[in-house]
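Novice: What follows is the residue order along each chain.
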Amino acid sequence: GQQLNQSPQSMFIQEGEDVSMNCTSSSIFNTWLWYKQDPGEGPVLLIALYKAGELTSNGRLTAQFGITRKDSFLNISASIPSDVGIYFCAGSSNAGGTSYGKLTFGQGTILTVHP
Amino acid sequence: ETGVTQTPRHLVMGMTNKKSLKCEQHLGHNAMYWYKQSAKKPLELMFVYNFKEQTENNSVPSRFSPECPNSSHLFLHLHTLQPEDSALYLCASSQEALVFGRLSSGNTIYFGEGSWLTVV
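Quick mapping for you: the protein sequence lines, in order, are chains Z and L.
Mapping the first sequence onto the working numbering, position 83 (from 1) lands on 83, and the numbers just tick up by one.
Mapping the second sequence onto the working numbering, position 1 (from 1) lands on 1, and the numbers just tick up by one.
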């Protein structure tokens, strides 16, 4: 089946530093999504990418849909303490119209920001 | 507030109990999902409902029984669970489009806050 490798698994950074994480896939995706999950809460959508090469920003967050359609990255600039959480990438493929928006998730990146 | 509401937020149940998790979406979406999130594992898709019809059962044990009475409500009925079923259960919804008569993916999925289930 489809697999996503997300890295790094965890990051410990100082407030103000930039952060970069990425996901790679063994197969092509048509959609890449990035979510953030706070402890005890459900994932919240940060950025959605629908087109190869697309670069999208949401405040201090920037994500790109890789040109090969097998990877994506998320950057966070000038990190702040509330950026702490688990960041998940997710990809979906509608090959043959059978996936119905089913997402494959990465393992998550645990981000810790020291004040 | 994502527009997907789950209740209860926390549930503790014995292995012989019967309980249900409820999900309601206020987004006008036509697809709903149950996911399971266990420690140190990626999110696992359990069930998919499109237009109230179950379109996917990802080899989930029969002690989990979903019900989708309409496109905005989704239940997960729980019966004779095991301790290893303890996890965060996430409901999600999305708007799926029909393209040339076939359901088209690539749409954004929105999650509820989750129901923490502990089986004792």
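Simulated from the structure, these hints should not be mistaken for lab results.
Be aware that one or more of the hints could be misleading.
[Unchecked claim] Partner residues aside, some chain L positions facing chain Z, computed with beta carbon under 10 Å:
no. : residue
1   : Val4
2   : Thr7
3   : Pro8
4   : Lys18
5   : Glu44
6   : Phe75
7   : Ser86
8   : Leu90
9   : Cys91
10  : Thr108
[Claimed, not checked] In silico DSBU-like links for lysine-lysine, alpha-carbon gap of 30 Å or less:
no. : chain 1 : residue 1 : chain 2 : residue 2
11  : L       : Lys41     : L       : Lys52
12  : Z       : Lys70     : L       : Lys18
13  : Z       : Lys70     : Z       : Lys51
14  : Z       : Lys51     : L       : Lys36
15  : Z       : Lys70     : L       : Lys19
16  : L       : Lys19     : L       : Lys36
17  : L       : Lys40     : L       : Lys18
18  : L       : Lys19     : L       : Lys40
19  : L       : Lys40     : L       : Lys22
20  : L       : Lys52     : L       : Lys18
21  : L       : Lys18     : Z       : Lys51
22  : L       : Lys22     : L       : Lys52
23  : L       : Lys41     : L       : Lys22
24  : Z       : Lys70     : L       : Lys36
25  : L       : Lys22     : L       : Lys36
[As the list claims (entries may be wrong)] DEER-style ranges, computed between Cβ atoms:
no. : chain 1 : residue 1 : chain 2 : residue 2 : range
26  : L       : Met15     : Z       : Asp38     : 28 to 36 Å
27  : Z       : Ile67     : L       : Asn58     : 14 to 22 Å
28  : Z       : Gln14     : L       : Pro69     : 47 to 55 Å
29  : Z       : Gly40     : L       : Pro61     : 21 to 29 Å
Heads up, the beta-carbon is just placed ideally off N, CA and C, and yes, glycines get one too.
Novice: Sort out whether lysine 52/L lies within 30 Å of lysine 41/L, counting only the CA atoms.
Specialist: 28 Å, holds
Novice: Compare the distance between the alpha carbons of lysine 41/L and lysine 22/L with 30 Å, and conclude whether the hinted pair is satisfied.
Specialist: 23 Å, holds
Novice: Could you check the hint for me, namely that methionine 15/L and aspartate 38/Z are 28 to 36 Å apart, CB to CB?
Specialist: Given a distance of about 30 Å, which is inside 28 to 36 Å, the answer is holds.
Novice: Should the hint that glutamate 44/L touches chain Z count as held when the rule is a Cβ pair under 10 Å?
Specialist: 8 Å, holds
Novice: Would you check the hint for lysine 52/L and lysine 18/L, treating anything up to 30 Å between C-alpha atoms as holding?
Specialist: 23 Å, holds
Novice: Given a cut of 10 Å on the nearest C-beta pair, is the interface hint for threonine 7/L held or broken against chain Z?
Specialist: 13 Å, violated
Novice: For the hint on serine 86/L, does the least C-beta distance to chain Z fall short of 10 Å?
Specialist: 14 Å, violated
Novice: Hinted pair, alpha-carbon criterion (30 Å max): lysine 19/L, lysine 40/L. Please report holds or violated.
Specialist: Distance ~26 Å between lysine 19/L and lysine 40/L Cα, so the pair holds.
Novice: For the pair we were handed, lysine 70/Z and lysine 51/Z, check the Cα-Cα distance against 30 Å.
Specialist: 12 Å, holds
Novice: Against chain Z, run the beta carbon of cysteine 91/L and see if the smallest gap drops under 10 Å.
Specialist: 8 Å, holds
Novice: Starting from lysine 70/Z, check that the Cα of lysine 18/L is at most 30 Å away, please.
Specialist: Roughly 43 Å separates the two Cα atoms, so the pair is violated.
Novice: Can the restraint linking lysine 51/Z and lysine 36/L be considered satisfied, given a maximum Cα separation of 30 Å?
Specialist: Holds - the C-alpha atoms of lysine 36/L and lysine 51/Z are around 28 Å apart, at most 30 Å.
Against the hints set out earlier in the document, violations occur for numbers 2, 3, 4, 6, 7, 12, 15, 21, 27.
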